[in-house]
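Protein chains in written order, with the numbering used here: chain H, 1 to 310; chain D, 1 to 324.
Any given hint could turn out to be false.
[Unchecked claim] In silico SDA-like pairs for lysine to any residue, Cα to Cα no more than 20 Å straight-line:
1. D/Lys-231 x D/Val-252
2. H/Lys-173 x H/Ile-189
3. H/Lys-200 x H/Ile-189
4. H/Lys-173 x D/Val-23
5. H/Lys-173 x D/Leu-25
6. H/Lys-173 x D/Tyr-282
7. H/Lys-173 x D/Asp-123
8. H/Lys-200 x H/Ala-228
9. H/Lys-173 x H/Ala-228
10. H/Lys-173 x D/Leu-182
11. D/Lys-231 x D/Ala-209
12. H/Lys-200 x H/Arg-27
13. H/Lys-200 x H/Met-222
14. H/Lys-173 x D/Ile-278
15. D/Lys-231 x D/Asp-123
16. H/Lys-200 x H/Leu-163
17. H/Lys-173 x D/Lys-231
18. H/Lys-200 x H/Pro-223
[As the list claims (entries may be wrong)] Where chain D lies over chain H, by a calculated footprint (3+ residues, C-beta under 8 Å):
19. 161–170
20. 240–246
21. 252–266
[Unchecked claim] Per label pair, the in silico range of CB-to-CB distance:
22. H/Gly-138 x D/Trp-118: 39 to 49 Å
23. D/Ala-49 x H/Gly-138: 30 to 40 Å
24. D/Ala-49 x H/Ile-124: 47 to 57 Å
25. H/Gly-251 x D/Val-302: 23 to 33 Å
Treat the hints as calculated values from the structure; they're not laboratory data.
Glycine included, C-beta positions come from ideal geometry on N, C-alpha and C.
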Amino acid sequence: MDASNAPHRRDEPMAVRKPLTDTPQRRAMLGKLKRRPSVKKSLIALLVITLIGLCLPFFAQQDPYDLTSFSVMDNRMPPMSESFDGMVFWLGTDGQGRDMLSAILYGMRISLLVGLVSTALALIIGVSVGLVAAVLGGRIEALLMRLVDFVLGFPSILVALVLLAMIGRGVDKVILAIVMVQWANYARIMRSSALSERRKEYVEAAHNLGFGTGRVMFRHVMPNSLSAVLVLATVQIASAITLEATLSFLGVGVPVTEPSLGLLVANGFDYLMSGAYWISFYPGIALLILIFSLNLVGDRLRTALDPKRS
Amino acid sequence: MLLYTLQRLLQSVAVLFAVSIAVFLAVYSVGNPVDLLINPEATQAERAAMIAKMGLDRPVWAQYLTFLGNALQGDMGVSFVHGIPALELIFSRMPATFELVVLALLLASAIGIPIGLWVGLRDGSRGARMVMTSSILGYSIPSFWKGMVLILIFAVWLNWLPASGRGDTVSLLGVPFSFLTLDGLSHLAMPVINLAIPNLALMIRLTAAGASEAVHQDYVLFARAKGVRSKRIIRRHILRNILIPIITVLGVEFGALIAFSTITETVFAWPGMGKLLITSIYQLDRPVVVAYVMLITFIFVVVNLLVDFAYAALDPRVKLVENM
């Protein structure tokens, strides 16, 4: 037998030798995912969309923020029309003569960034709160969970709307509002899955090895409870993007200088009645593709990881 | 039961109390309350008189007590823009919103529950999977954009339906409603459909999940073994059991739809309380915003309370007494 494969040395606890990336739970989870090609396909599609969304502004034929790059002469041109200098507006132009395709590419990046950043922040806060509640228990847990119930008791759009009405618009403020309404979802899921993980034998084993509560919770319980959190996160990115778009459409979201997809749709609303549908139609299609693919991935992941359907 | 009722009522009061503090702090800590609560067009003398009258020179806790006392008496201040009490203004817009929300919920459940049942009983078939995937699409479409596409198709291109407003209304018990006139119905159609679609998707998924689980339950197997006809099994056994979560969700959704109707009302210029909220935010009409938040919190608390009691009344397995 190879020395490195020996069961364990006396001075070193076994749990340390085994890398955490190879827990049986994780292997089972990855195995489940591999058996479902639809999950892989939708994940790849999503990664591609995200990458494209973040990089595409480099491919845009026009900088929608650079006032010298477009001309009011080209305003409200239908899709596929050509400008004086021969540039083709694939998706038409808006009221200022801006190329819609370029505006969408830039807007998509803002929407994606807001969605990803706010989801990441909400996840970190929520997971910490949920874990702390599960570890400490007692009064603190009761208090934290009451707070979670309280936040989740109201529709996100209303809380965010009223909050932004008070503090004003801006990319950072929108992110703050989304984090405020979303962290509680993670806290609830993290707590319940940490509580059920805590009863399992490996946790008991880790405790018996003399590890402190904090270490057991963060190094053992948390990684094993993350699958539910990750499913939630995919869907929450979608709802963060929807929320941002809706708030921007209602005029309390991102500022006019940083138009996200929602704001682009709102800008086109005024031209809708005159038949210039493309100004708000195409940004909405981009938004829809983004949200739909995220929700689809979330749904497939949930089915794949559902313990009842192994 | 009595103990639980009291416990829930106390909790509800605590929620209202917490929201009132949060709203109060939001209005009073962000910026100068004098600027927020007093009409910016007031003269210097009027300002001084208002500050004295509203007690804005007193300590914060004393101001909060006044705010709470007034709110308990239904006094939420006077709208800057409309010059009438904020609460009265919101109440005048409420029927329009309720009409929209109730019709959307009815439409969503009338179509969603049968489709969900169909999908749930054919779990895994090609058709069922297609419906489930389209239901994801149903709740993925951003509501405001969907409304605009509806307007584009039915108002701009086809010219079948009006794009905005409420149309003719008929007074019922002193409250104007649109659904009793043909013109009103044509105005209602698009906003109601727009509001109903995400809910329709939710109803389908909820019913399908419940039904596909219920088919394998012992009571269904037993009924089948007894020779009960499948139509009767679906109606009397499966549907009855899955209706409990559906009714719970319907209750919660009622509150949520009031909030979401804000978007639909804005797109279709529907004169409800959601549109009023957005306009008030634009016009910095703070008393109306504050009154709206307090009122909708109240509605939510009441709806949640009713849902909990309805849940207990419908499901004999649910015991209302906690900690026993």
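The hints, checked one at a time:
1. In summary, the hint linking D/Lys-231 to D/Val-252 is not supported, as the alpha carbons are separated by about 30 Å, beyond the 20 Å threshold.
2. Of the pairs offered as hints, the one joining H/Lys-173 and H/Ile-189 is violated, with about 26 Å between alpha carbons and a cut-off of 20 Å exceeded.
3. Of the pairs offered as hints, the one joining H/Lys-200 and H/Ile-189 holds, with about 17 Å between alpha carbons and a cut-off of 20 Å not exceeded.
4. A C-alpha spacing of about 18 Å is found between H/Lys-173 and D/Val-23, which places the hinted pair at or below 20 Å, so the restraint holds.
5. Distance check on the hinted pair: H/Lys-173 and D/Leu-25 sit about 18 Å apart at the alpha-carbon level, within 20 Å; holds.
6. Restraint check for H/Lys-173 and D/Tyr-282: satisfied, since their Cα atoms lie roughly 17 Å apart, inside the 20 Å limit.
7. For the given pair, H/Lys-173 sits about 44 Å from D/Asp-123 by alpha-carbon distance, which is inconsistent with the 20 Å threshold.
8. At most 20 Å may separate the alpha-carbon atoms for a hinted pair to count; H/Lys-200 and H/Ala-228 meet this at roughly 17 Å.
9. For the hint linking H/Lys-173 to H/Ala-228, the alpha-carbon distance of about 28 Å lies beyond 20 Å, and the restraint is violated.
10. Taking the CA atoms of H/Lys-173 and D/Leu-182, the gap is near 44 Å; set against the 20 Å cutoff, the hint is violated.
11. With a C-alpha separation of about 19 Å, the suggested pair D/Lys-231 and D/Ala-209 falls inside the 20 Å cut-off, and the hint holds.
12. This hinted pair checks out: H/Lys-200 and H/Arg-27 have alpha carbons roughly 17 Å apart, not beyond 20 Å.
13. For the suggested pair H/Lys-200 and H/Met-222, the alpha carbons sit about 13 Å apart, so the restraint of at most 20 Å is met.
14. Of the pairs offered as hints, the one joining H/Lys-173 and D/Ile-278 holds, with about 18 Å between alpha carbons and a cut-off of 20 Å not exceeded.
15. Of the supplied pair hints, the one linking D/Lys-231 and D/Asp-123 holds, its CA atoms being roughly 17 Å apart against a limit of 20 Å.
16. Restraint check for H/Lys-200 and H/Leu-163: the C-alpha separation of about 41 Å exceeds 20 Å, so the hint is violated.
17. Distance check on the hinted pair: H/Lys-173 and D/Lys-231 sit about 54 Å apart at the alpha-carbon level, beyond 20 Å; violated.
18. For a cut-off of 20 Å, the pair hint linking H/Lys-200 to H/Pro-223 stands: about 14 Å separates their Cα positions.
19. Counting residues of the region 161–170 of chain H whose beta carbon lies closer than 8 Å to any beta carbon of chain D gives 6, which reaches the threshold of three, so the coverage claim holds.
20. Counting residues of the region 240–246 of chain H whose CB lies closer than 8 Å to any CB of chain D gives 3, which reaches the minimum of 3, so the coverage claim holds.
21. With 4 residues bearing a CB less than 8 Å from a CB of chain D, the region 252–266 of chain H meets the requirement of three and the coverage assertion stands.
22. Separation of H/Gly-138 from D/Trp-118 is about 48 Å and conforms to the stated range, judged on CB atoms against 39 to 49 Å.
23. For D/Ala-49 paired with H/Gly-138, a C-beta distance near 52 Å fails the hint of 30 to 40 Å.
24. In this structure the supplied range 47 to 57 Å holds for D/Ala-49 paired with H/Ile-124, their Cβ-Cβ distance being about 50 Å.
25. Evaluation of the 23 to 33 Å hint for H/Gly-251 and D/Val-302 yields a pass: the beta carbon distance comes to about 30 Å.
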